[in-house]
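Knowing the structure of chain A, use the given hints to seat chain B on it.
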Amino acid sequence: MTKQQANWSPYDNNGGSCVAIAGADYCVIAADTRMSTGYNILTREYSKICKLADKCVMASSGFQADVKALQKQLAARHLIYQHQHNKQMSCPAMAQLLSNTLYYKRFFPYYSFNVLGGLDNEGKGCVFTYDAVGSYEKVGYSSQGYGSTLIMPFLDNQLKSPSPLLLPVQDAVTPLVEAEAVDLVKTVFASASERDIYTGDKLEIVVVNAAGIRREYMELRKD
Amino acid sequence: MFRNQYDTDVTTWSPAGRLFQVEYAMEAVKQGSAAIGLRSRTHIVLGCVNKANSELSSHQKKIFKVDDHIGVAIAGLTADGRVLSRYMRNECINYSFTYESPLPVGRLVVQLADKAQVCTQRSWKRPYGVGLLVAGLDESGAHLYYNCPSGNYFEYQAFAIGSRSQAAKTYLERRFENFTDASRDDLVKDALMAIRETLQGETLESSVCTIAVVGVGEPFHILDQGSVQQMIDAFEIVGEQEGPAAEPDAAAGQDASAEPEPEQGAAAGEGVAPMDI
Chain A
60 MTKQQANWSP YDNNGGSCVA IAGADYCVIA ADTRMSTGYN ILTREYSKIC KLADKCVMAS
120 SGFQADVKAL QKQLAARHLI YQHQHNKQMS CPAMAQLLSN TLYYKRFFPY YSFNVLGGLD
180 NEGKGCVFTY DAVGSYEKVG YSSQGYGSTL IMPFLDNQLK SPSPLLLPVQ DAVTPLVEAE
240 AVDLVKTVFA SASERDIYTG DKLEIVVVNA AGIRREYMEL RKD
Chain B
12 MFRNQYDTDV TTWSPAGRLF QVEYAMEAVK QGSAAIGLRS RTHIVLGCVN KANSELSSHQ
72 KKIFKVDDHI GVAIAGLTAD GRVLSRYMRN ECINYSFTYE SPLPVGRLVV QLADKAQVCT
132 QRSWKRPYGV GLLVAGLDES GAHLYYNCPS GNYFEYQAFA IGSRSQAAKT YLERRFENFT
192 DASRDDLVKD ALMAIRETLQ GETLESSVCT IAVVGVGEPF HILDQGSVQQ MIDAFEIVGE
252 QEGPAAEPDA AAGQDASAEP EPEQGAAAGE GVAPMDI
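If you're matching them up, the sequences are chains A and B in order. Just so you know, the first sequence maps onto residues 60 to 282 in our numbering. Just so you know, the second sequence maps onto residues 12 to 288 in our numbering.
The shape of chain A in the complex, shown without the other chains (with noise of 0.2 Å):
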């Protein structure tokens, strides 16, 4: 007698792909705004950024109804964390807090892969990219979801700083300016539009600087 399977699953995935850059007094967040199911499109206009506090803003994709969940849990403790210490959570505060989120559910995941970019508390760029269960790394940039096994080898060769293993301590964010990166962003996710069925439709950008929070927007192959 052969085990019983499950004939449904909790999961879907919703596609898409995002980014982050850190640079030296900024933070770039870019998601496309595609939302599907197999083979079909949801909605060109979906929206996988979500500004979890002044510095600090997240990017998701994978099952955006965990994706939706896990924002609302993390804007929730944000509430209280501002109650308690009458001020924002930093963006390394907010990292750790998602990290021990995803992890709570470890054994039943939410099932989002995450980008978390801002500005850390002396005003440095920062990027955080985690696994669906909350395994973390402060890194220079990053891409996650479908289009990532494309986005990431450009953003290598482009991007890359040598190991942080070695010394003297390299800086992991880019010396690129803030234009720089947007533009590399724009390129990147048309690039990736070109072969990822699931990427496409529009661009959104989100930068994060000393000025405050910016959104643009860029549209790509709808096909």
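Certain hints may be false.
[Claimed, not checked] Straight line, CA to CA, 16 Å or less: simulated EDC-like cross-link-like pairs of lysine to aspartate or glutamate:
id, chain 1, residue 1, chain 2, residue 2
1, B, Lys200, B, Glu166
2, A, Lys183, A, Asp230
3, A, Lys131, B, Glu111
4, A, Lys127, B, Glu111
5, A, Lys146, B, Glu111
Keep in mind that the hints were calculated from the coordinates and are not lab data.
Relative to the frame of chain A, chain B by itself:
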């Protein structure tokens, strides 16, 4: 109130049908430093007098933000007030999380009242020794409630609690008919005037009081000391010019705004004389 044989337990009735422990809890509210609240159709203003234990210490926090649309001012045992504020914040967060909309104020005060009532009917508990002025905005408009340690709550147009609150209440009773349609700034001015009544002769300065506002298009926030001082200066000066003001008086009044400490004493002294406002 005098000690009697029915006041040991909160679960003991007196022959006259009173729960003395609950009434003693309400006494604690009367001993706390004053807090006032007033509302118009679109805004609610909360104010409180800052009391510090000694010159060396900071004053206690008596106004708490509960959510963007709700705030609370307390009088009595501040520790109890802090705990209840934490409860209210939690309730608001949980409601928002579930219903994606702000918790209606009326619901929150009922939950708060029921929580207070529990403590009046358990032998191992004691009533909360704090009165709360809950200011909130929801779909049905602007609301100001007063929650008692007894578990009662009432809605008010304006109210004052704490020590010397009667003076503020008298002022508010005289003025409350103007509040419904008052502008936000006029409402804050009235709050400051009411607070001044409770100070009974002491100078009204921004270091002595705290003001918070919530209204349509304005999330709950505590006004910073600078803005409060400006408003105090504004209406103190007006008061001076209305008095038997010769030009030297008016000039002195204008100087007062530039140099707060010494001149303020003079300005307030003249302002505190009975004025027809």
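Consistency of the hints with the structure:
1. At most 16 Å may separate the alpha-carbon atoms for a hinted pair to count; B:Lys200 and B:Glu166 exceed this at roughly 22 Å.
2. Using a Cα cut-off of 16 Å, the hinted pair A:Lys183 and A:Asp230 holds, with the two alpha carbons roughly 11 Å apart.
3. Proximity of A:Lys131 to B:Glu111 is assessed by CA-CA distance (about 10 Å); at most 16 Å being required, the pair is judged to hold.
4. For the suggested pair A:Lys127 and B:Glu111, the alpha carbons sit about 12 Å apart, so the restraint of at most 16 Å is met.
5. Pair hint A:Lys146 plus B:Glu111 does not hold up; C-alpha atoms about 23 Å apart against a cutoff of 16 Å.
Going through the hint list in order, the structure does not satisfy hints 1 and 5.
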